[in-house]
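J.: One letter stands for each residue in the lines below.
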Amino acid sequence: MEFLVASSIGLLTACGTYLLLRGRTFPVVIGLALLSYAVNVFLFAMGRLTINMPPILREGVTEYTDPLPQALVLTAIVISFGMTALIVVLSIRTFLEIGNDHVDGRPIGEPSEAGDKN
Amino acid sequence: MSLTLIVLLPFIGAVLPAIMIRAGRNACATATGSVTLLALILLMAKAPAVLGGEVFQVSYNWLPELGLNVTFFLDGLGLLFATLILGIGLLIIIYARFYLSKDDPMGRFYVFLLLFQGAMVGIVLSDNILLLLVFWELTSLSSFLLIGYWKHLPAGRQGARMALAVTGAGGLAMIAGMLILGDIVGSYNLTVILQHADLIQASPMYLPALILILLGCFTKSAQFPFHFWLPHAMAAPTPVSAYLHSATMVKAGIFLMARMWPVLSGTPEWFYIVATAGLVTMVLGAWIAIFKHDLKGLLAYSTVSHLGLVTMLFGFGTPMAAVAGVFHIINHATFKAALFMTAGIIDHETGTRDIRRFGGLLNLMPIAGTIGIISAASMAGIIPLNGFLSKEMMLEEAWHTVWMDQNWVVPVLATLGAVFSVAYSFRFIFHVWLGKPRDADLPHHPHDPPFGMWAPPAFLTVLVVLIGLFPSVIAGPLVAATSGAVIGGELPEYHLALWHGLTPALGMSVIAIVVGALILMRHNGLLSATANLSRPDAKEMFDCGIAKLVALSRFVSDNLHNGSLQRYLCIMIVAALAIGASGFYAQPDYTPGTRELLDVSPTAAIAWLLLVVTCIASVFMHHNRLLSLLLVGVVGLIVSLGFIYLSAPDLALTQISVEVVTVILMLLALNILPKETPKESLPGRKMRDGIVSIAAGLGIGGAIWAIMTRDLPSSISAYHLANSKTEGGGTNVVNVILVDFRGFDTFGEIIVLGIAALSIFALIETVTQGAAAKRLANWVVDNRRSADRHPMMMVVATRVMLPLSLMVGVYIFLRGHNEPGGGFIAGLVVSVALVMQYMASGFGWTQNRMKVNYHGMIGLGVIAAAITGVSAWVVGLPFLTSGFVHVHLPIVGEFELASAMGFDLGVFLTVVGAVMLALAKLSQVERMAEHVEVNLEPMDHDPSVAVATPEKEA
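If you read the protein sequences in the order shown, they are chains A and B.
What the first sequence shows, in the numbering used here, is residues 345 to 462, in sequence order.
What the second sequence shows, in the numbering used here, is residues 25 to 978, in sequence order.
You can take every hint at face value.
Part of the chain A face toward chain B, derived, beta carbon under 7 Å:
# : residue
1 : 352
2 : 357
3 : 368
4 : 393
5 : 400
6 : 415
7 : 426
8 : 440
9 : 441
Here are the computed distance ranges between Cβ atoms for each label pair:
#  : chain 1 : residue 1 : chain 2 : residue 2 : range
10 : A       : 449       : B       : 898       : 54 to 64 Å
11 : A       : 449       : B       : 196       : 26 to 36 Å
12 : A       : 396       : B       : 609       : 34 to 44 Å
13 : B       : 830       : A       : 403       : 31 to 41 Å
By construction, these hints were calculated from the structure, which means they are not laboratory data.
Ideal placement from N, C-alpha and C gives every residue a C-beta, glycine not left out.
Can you make the complete structure from the sequences, with help from the hints?
T.: So, in structure tokens, the structure goes:
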């Protein structure tokens, strides 16, 4: 099980990073979303994996999973939503402002050489 | 207390001139002067006790954790410098009143002057070296303002910049040195540090600390090779030159050397660095001064030379030399400040400072002339003035000093310095005041200045003569107290007197006067002989160095910061990878973890497979943006499933509801943004990014694998589990942590969320202006539209579901403390319910019925959370302490009504407000782009209306 989670985190990170390094806004946003999943699961897994031991106190139950990473990740998820929303709006605003969605440092208005060939 | 007041008075008083200038120039100067006078009186009240050997101390805690406290102490050395700063400061304030012309903004001048004065007094009275550093930097800043006071003059601005760059850089070095020193001793208090000479000198960090501190001292006190800034700072108004560049600021470096003398001096390193630098500076400065035609330039280099002299004396490291150094500080301050003020008078009265145009001015300005001649004679070291006394002591010390096993080097060079010093001093006397007038049409016809302008230098000149005649009466106690403070032990046998018998020093003095006079007689010949010598121009070198630095920074920043997000991110990711990988070099003996692993269930394997496929697909199909968005949605769902499988129901609930709003948000964005990402990455770039990403993935995956295969060390989680019910009143530990144990974190987080939403609001609100508005107005819809924007089925279904979903929200909120749920999740669920109404029935219709202000909701949420936290204060408990009672409600069952619920309500409101504000604002852009009126009817085709109409017709 641990291997599945670790490999998932690695894969999410790799895919997120690759998309993050694209030259347009939308792939960057998508990449950031994937990276957020990776980070959240990473933090969560810091408390080690357990099955059927939710941190809800019950009479007679003594073994619980680690609640602290869960609490931290819960707020992290909500904050990542705020961040994603902000960055999405930023990308829309820049797109409307300069007329393209480049984030690769091309001067405004200059078409991409490779882009035209498509 | 009054010690603190002495330091604070100039700072507090600095507002006075700014206000009083409205009442006129006299009122302004009087107000400024009284501030300084008051501080001086306070100081003088303590003087007798300090001269008697007492040390005053006062201390307030500021940041005790950092060792930074507001502590001041007043001993002999502090008294000497504080007297110089405040006393000469007072004279300068009087002098400046008459010096500044009507066009100069006098209020500003006095404000800067008082700020500088306060900073200087702060330096000399600080007992804490960190506090001292703060004041040290303040003097650099305020002197920058003073030098550049005439901001219309390019020379003034350049000189100010140069002074700031050099002294500021030295100050930075000194901070490092002081920190090392504090680290060696374990205290930042000067009085403590001064007790630990052995500890410091035995430390291997002694030399670095010494060099760094001396860098600060040498730059401030214009020691070779950092002397070049001082002459350029002469572009300042003369009162500034007289105050900063002769009496006070340039002595700050010397002060610090004196202050640190007991712990830093006495080593060969100290001797060779300090004494050599001082010696070179003394000779070089005096030599250059001979050739300066600018009156202030001559005085500037002479100051450099005299500062070198004092530095050299402290560098010798013997108690006797230290006494001589202290005495020369007093003497130099008196005659040099007087000379600068005289130079200002000449400049003021004749309109020029070029020595070649002067001659015979004594006849025209007898008072100023007398002052100037006596002070210059003292500078030359003529008997019976005070300059003679300390110069004799210096020569006597030089006579006994052996440098690199050579006993002739220091005496010869010291004599040479004295020779040059006599030459330029005589030049000041003979070429300016005596002889025939050389230029008949000076810009103004010179005559003696008003009383207020000559009185201050005259007062100083009286001191020059009195100290010369009765040294032990006038200056004796001060010299003794100061030297005692510098040496920190027994005073050597010394005698302040004019006549010491036929000593080697007397011989050296005589040689200096005779040869100096000869040099002056041959001055013209010397000028032409040296005219063709190439001499390095410090300003050019400095400007060139600065230009190169600027070019370098521009090169670096242009290349690093080229506007490409890809480059920044790539650098960051590669750097993070490098740092992570370096850990393996630090600890090469890596062993795999041994924790027992969980079994893989078939469900988990299927979910994992799905995740792998969607992840990889999202990368390979990212050019189709809609598809990649859907794939990311799938990934999010699998992550939620993973959370619920791995005992995290709260996370699963949060993730799945966030997923819904995120996808809606991105769909809205995609409506405006291009639908395709063009294939524009070249293969090389793809390869690079691929390698970087795979490395990042392996790194993160490997890290978490290493963590998960090891046991969890004991953490605070056990405490949370044990006390959640008893202290927090809830059985859902995650929720109790959020609203209680770590409530302050959550409080910060909802504020961040609110700020993000408000930023979104600001970004969209201004979209109606400029280029963005134009693009929106010309927007062409570029994807297919459904013919039925608001299908009836959906409208009806969502409306039926609304009360149900709100009910679910309330339920999740209420049970959150004990079962999975809580403010965050409830907020998201309610947001989704509301968003569904917008989607199904259209914005216009829904907005007309949603009478809620989302901004207000965010604010209300934060306030609710804050009030819950603060209410704990009412019963005398710390912020956010919660209390709870058990309540029984029908249907819902028994639950604890904790005060944390109020906090959770705040979370709930903020989340709903933030999510709704973001989505509602985003849909506003869409509406602008669509060019379609918002619908006020819930459905595009209202079946009830459609049926009704034919009936009517029939």
